[in-house]
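Novice: The listed protein sequences derive, respectively, from chains A and B.
According to the numbering used here, the first sequence holds residues 1 to 430 in order.
According to the numbering used here, the second sequence holds residues 1 to 430 in order.
Read the hints as simulated data drawn from the structure, not as lab findings.
Each residue gets a CB set at the ideal place from its N, CA and C atoms; glycine is no exception.
Check the hints yourself; a few may be wrong.
Restraint ranges, calculated between C-beta atoms of paired labels, are given here [stated by the list, open to error]:
#, chain 1, residue 1, chain 2, residue 2, range
1, A, Thr374, B, Ala113, 35 to 43 angstroms
2, A, Glu172, B, Arg103, 48 to 56 angstroms
3, A, Gln88, B, Phe104, 55 to 63 angstroms
4, A, Lys357, B, Glu249, 55 to 63 angstroms
5, A, Glu172, B, Pro203, 50 to 58 angstroms
6, B, Ser424, A, Glu172, 30 to 38 angstroms
7, B, Pro203, A, Thr110, 49 to 57 angstroms
8, A, Lys357, B, Lys377, 23 to 31 angstroms
9, B, Gln199, A, Glu172, 35 to 43 angstroms
10, B, Lys171, A, Lys331, 54 to 62 angstroms
There are 2 protein chains.
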Amino acid sequence: MIKAEIIAVGSELLLGGRTDTNSIFLADMLAEQGVEVRFKTGVGDDIDDMCAVFTQALKRAKVVLVTGGLGPTVDDLTREAVAKVTGQALGLRPQALRTIQARFKLAGRTVSANQRRQAFLPSGADLLRNSSGTAPGFSMKWKRCRLFCLPGVSHEARKMFSESVVPILVKEGLVGCGIESRSLQTFGLIEGVIDERIQGIVPESSGLRLGILASPLGVSISLTSDHSDSLSHACVGEGKISKSHLLLEQYVKLLSKVLGSCVYGFDGKSMEKIIGESLTARGLTLALAESCTGGLIGHRLTQIAGSSAYVDRGVVCYSNQAKMDVLGVTKSLLVRHGAVSAPVAKAMAQGIRKRSKVDLGLSVTGIAGPGGGTTEKPVGLVYVGLATPKKTFTKEFRFHGDRYMVKLRSSQGALDILRRWLFSLPISDE
Amino acid sequence: MIKAEIIAVGSELLLGGRTDTNSIFLADMLAEQGVEVRFKTGVGDDIDDMCAVFTQALKRAKVVLVTGGLGPTVDDLTREAVAKVTGQALGLRPQALRTIQARFKLAGRTVSANQRRQAFLPSGADLLRNSSGTAPGFSMKWKRCRLFCLPGVSHEARKMFSESVVPILVKEGLVGCGIESRSLQTFGLIEGVIDERIQGIVPESSGLRLGILASPLGVSISLTSDHSDSLSHACVGEGKISKSHLLLEQYVKLLSKVLGSCVYGFDGKSMEKIIGESLTARGLTLALAESCTGGLIGHRLTQIAGSSAYVDRGVVCYSNQAKMDVLGVTKSLLVRHGAVSAPVAKAMAQGIRKRSKVDLGLSVTGIAGPGGGTTEKPVGLVYVGLATPKKTFTKEFRFHGDRYMVKLRSSQGALDILRRWLFSLPISDE
Chain A
1 MIKAEIIAVG SELLLGGRTD TNSIFLADML AEQGVEVRFK TGVGDDIDDM CAVFTQALKR
61 AKVVLVTGGL GPTVDDLTRE AVAKVTGQAL GLRPQALRTI QARFKLAGRT VSANQRRQAF
121 LPSGADLLRN SSGTAPGFSM KWKRCRLFCL PGVSHEARKM FSESVVPILV KEGLVGCGIE
181 SRSLQTFGLI EGVIDERIQG IVPESSGLRL GILASPLGVS ISLTSDHSDS LSHACVGEGK
241 ISKSHLLLEQ YVKLLSKVLG SCVYGFDGKS MEKIIGESLT ARGLTLALAE SCTGGLIGHR
301 LTQIAGSSAY VDRGVVCYSN QAKMDVLGVT KSLLVRHGAV SAPVAKAMAQ GIRKRSKVDL
361 GLSVTGIAGP GGGTTEKPVG LVYVGLATPK KTFTKEFRFH GDRYMVKLRS SQGALDILRR
421 WLFSLPISDE
Chain B
1 MIKAEIIAVG SELLLGGRTD TNSIFLADML AEQGVEVRFK TGVGDDIDDM CAVFTQALKR
61 AKVVLVTGGL GPTVDDLTRE AVAKVTGQAL GLRPQALRTI QARFKLAGRT VSANQRRQAF
121 LPSGADLLRN SSGTAPGFSM KWKRCRLFCL PGVSHEARKM FSESVVPILV KEGLVGCGIE
181 SRSLQTFGLI EGVIDERIQG IVPESSGLRL GILASPLGVS ISLTSDHSDS LSHACVGEGK
241 ISKSHLLLEQ YVKLLSKVLG SCVYGFDGKS MEKIIGESLT ARGLTLALAE SCTGGLIGHR
301 LTQIAGSSAY VDRGVVCYSN QAKMDVLGVT KSLLVRHGAV SAPVAKAMAQ GIRKRSKVDL
361 GLSVTGIAGP GGGTTEKPVG LVYVGLATPK KTFTKEFRFH GDRYMVKLRS SQGALDILRR
421 WLFSLPISDE
């Protein structure tokens with residue numbers, strides 16, 4: 001297995017508040033190529049710290065991917081750090097400069113001295129074309145390691161990876177068979193219960209690595225084939241099915257069986273994608289009535305390209321007035337049970353279904369917090385309603401966590417009810 | 001300045017697809033305590049790799065924060081790795097076991113052998129109580145370094161940091177004056193233009209570090225005071241205003257001036273928070289009509305606690321039928337101009353404002369992609385409408401990026417129009 005290391009450069013990554021999204025998709029894309037990421041490091045725009053991290057990575061990994069620090073500003077120091085660590089001088093690359101100049105000319109601007117800095121690369125490095133931005137990337141062979149430096153802007157790094165990094169990895173034989181890994185995603189059971197249920201199902205002698213991971217969207221279970229096995233199996237891409245592939249399939253089936261209807265998906269496929277496919281296949285349309293989730297369910301469903309075919313509309317009814325006006329929930333129902341109640345969830349789902357003339361109406365009403373909770377109706381109390389052609393279902397949830405967690409869990413809870421109905425599963429957990 | 005290092009343990013963090021949220025808020029919380037994070041490392045559940053990372057961190061940092069690997073499953077190896085690296089034996093802590101047993105008893109369950117693993121800690125380590133989960137954390141002094149091991153579950157780690165880590169840092173004098181840092185967030189100008197505009201404003205002689213960072217929500221500019229300065233200034237908390245504090249204030253003002261109305265916020269305050277405060281202060285109510293953003297604007301606005309006071313309702317009108325039914329957009333307008341057009345954005349904003357009897361109606365219609373684009377109306381073409389008591393505004397945007405990027409940028413563009421109106425700024429960029 002080829003060992004790789006990802007380094008994200010930028011002081012902002014160390015100050016909190018910001019997700020290092022590049023490391024995430026680069027790890028994904030490397031895994032697809034059968035390259036195993038062993039370490040991910042975030043380092044600030046400090047030349048000494050950068051040199052320390054680069055030196056170590058070049059020593060222990062076969063592939064090193066750096067993102068960030070290639071821009072025009074003075075705190076962009078990746079070029080300098082690589083030059084220092086490898087002992088190569090930085091020199092102006094006329095081709096890189098011409099590309100930058102052409103890009104600027106199109107925008108009616110001229111290249112400033114700072115922008116010119118981007119055209120200086122360590123000697124011996126190969127230029128990587130940036131097809132969607134200014135900063136060129138570069139790649140170089142250093143001792144036994146192949147180093148790639150990509151821009152920090154995500155869509156530029158992503159494109160450069162596909163267009164330039166993959167061909168080099170393939171050419172130099174730095175791709176593997178793909179790490180064989182499978183996963184199951186569940187919703188509705190806590191980690192401890194899952195751990196107990198699957199106890200003993202995947203023995204250590206299987207050579208598979210089992211991982212359990214809890215998140216607001218549920219608990220996922222991963223199975224990864226032991227790397228030593230990679231020697232004994234041929235790549236699937238070459239037309240043979242590996243031993244570990246069959247083994248994984250067998251254990252995924254066993255795990256699915258004991259976990260039952262709580263398993264909503266496999267291999268990272270999202271709940272919204274699964275629901276979208278089912279709605280599309282059956283030609284069903286959906287409308288949403290969201291209260292505490294504030295639009296999150298609509299946002300999630302419409303992340304899927306083509307969702308306009310089945311998501312007819314959604315309403316966010318925060319106020320009682322809106323619930324009456326838009327969904328036809330009666331005042332007496334709101335007074336008698338309160339906005340956060342099963343009867344109101346039911347009326348919201350039926351109201352949106354009827355008024356938008358769709359097949360399915362899905363509603364959520366709850367208390368996201370941090371305020372608004374009482375002893376009787378605490379923060380995290382959420383009701384979901386699902387109105388279908390024949391019957392309306394409701395379900396009560398009690399979630400914990402901060403406002404965002406409650407919103408996220410509520411959206412997942414609502415989508416899970418819909419999934420259960422679509423796949424004819426019991427609406428309650430097993 | 002105290003130097004710290006964050007290590008996130010878990011193979012899932014290296015496989016892509018998953019954000020390491022713990023590192024983000026831990027960096028935030030450490031910065032608040034005046035502790036500077038120099039490195040962030042992600043490492044898999046491999047005992048050798050973990051030992052390598054722990055050894056290095058214990059050598060170069062004064063504070064090391066590890067998250068993850070403390071759970072009950074066999075791939076949770078943080079306890080073992082710390083024991084190995086420090087040469088301390090793992091032993092059962094009766095107090096930790098009793099706490100776990102009590103927690104399980106409440107849930108009507110008994111402690112399994114795997115769950116018991118969590119009560120074994122390296123000798124010499126102090127137990128850190130987990131007030132919201134099962135896995136206890138621990139802390140130990142190792143040579144010149146203070147090590148903390150926290151659970152991987154975010155809300156547990158967050159609570160343990162406030163309840164247990166901060167008191168130890170304070171007691172041992174491991175907190176600083178707080179890194180003095182300010183930032184400005186802009187929307188509407190590209191990175192290159194900003195770079196040119198602010199050229200020369202913050203000279204190197206100021207001792208401040210300037211950072212420019214582009215994201216789908218806009219470009220932010222950060223200013224951080226040079227660390228050597230921390231010797232010459234007293235902590236603000238002690239009643240004195242530091243030199244660097246005044247210096248930062250002065251440069252933030254200068255930068256704001258040249259960047260003008262594109263600056264929407266300071267110090268990481270979100271667009272939705274700024275808008276929420278302005279709506280609250282002025283007692284204005286808002287309703288949303290979203291097409292291509294699919295609920296994202298509603299979701300963002302309702303992330304703010306108390307948003308129910310000003311977000312009256314929102315509708316997601318994906319279909320033309322919904323635009324006609326719910327917003328009263330006329331068929332002839334849709335036929336004449338198409339759903340993605342300034343006149344339709346205008347009609348949507350006016351429709352939602354009128355029908356929900358609110359002060360302000362905000363609408364978005366656009367092509368999020370990847371499909372649906374034409375030469376005339378490409379993917380990324382977005383129109384925003386804002387209906388106010390006296391006048392309705394519309395604005396055209398042309399965004400790039402994938403479906404999520406277009407949605408995110410569209411939501412920010414729409415909120416920015418609202419901000420500009422609320423603060424009496426020109427609706428167009430300068």
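Novice: Return holds or violated for the Cβ distance of Gln88 of chain A and Phe104 of chain B against the range 55 to 63 angstroms.
Specialist: holds, 59 angstroms
Novice: Do the beta carbons of Lys357 of chain A and Glu249 of chain B sit within 55 to 63 angstroms of each other?
Specialist: holds, 58 angstroms
Novice: Take the C-beta atom of Pro203 of chain B and the C-beta atom of Thr110 of chain A, compute their distance, and say whether it sits inside 49 to 57 angstroms.
Specialist: violated, 23 angstroms
Novice: Using the C-beta atoms of Ser424 of chain B and Glu172 of chain A, is the stated range 30 to 38 angstroms upheld?
Specialist: About 59 angstroms separates the Cβ atoms of Ser424 of chain B and Glu172 of chain A, which means 30 to 38 angstroms is violated.
Novice: Does the Cβ distance between Thr374 of chain A and Ala113 of chain B fall inside 35 to 43 angstroms?
Specialist: holds, 41 angstroms
Novice: Is it true that the C-beta distance of Gln199 of chain B to Glu172 of chain A lies inside 35 to 43 angstroms, as the hint says?
Specialist: 41 angstroms Cβ-Cβ, so the 35 to 43 angstroms window holds.
Novice: In this structure, is the beta-carbon distance linking Lys357 of chain A and Lys377 of chain B contained in 23 to 31 angstroms?
Specialist: At 28 angstroms between Cβs, range holds.
Novice: Holds or violated: 54 to 62 angstroms for the Cβ distance of Lys171 of chain B and Lys331 of chain A?
Specialist: holds, 57 angstroms
Novice: Per the hint of 48 to 56 angstroms, is the separation of the Cβ atoms of Glu172 of chain A and Arg103 of chain B within bounds?
Specialist: At roughly 52 angstroms between Cβ atoms, Arg103 of chain B and Glu172 of chain A fall inside 48 to 56 angstroms, so the hint holds.
Novice: Does the Cβ pair Glu172 of chain A, Pro203 of chain B satisfy 50 to 58 angstroms?
Specialist: violated, 45 angstroms
Hint compliance for this structure: hints 5, 6, 7 are broken, all remaining hints hold.
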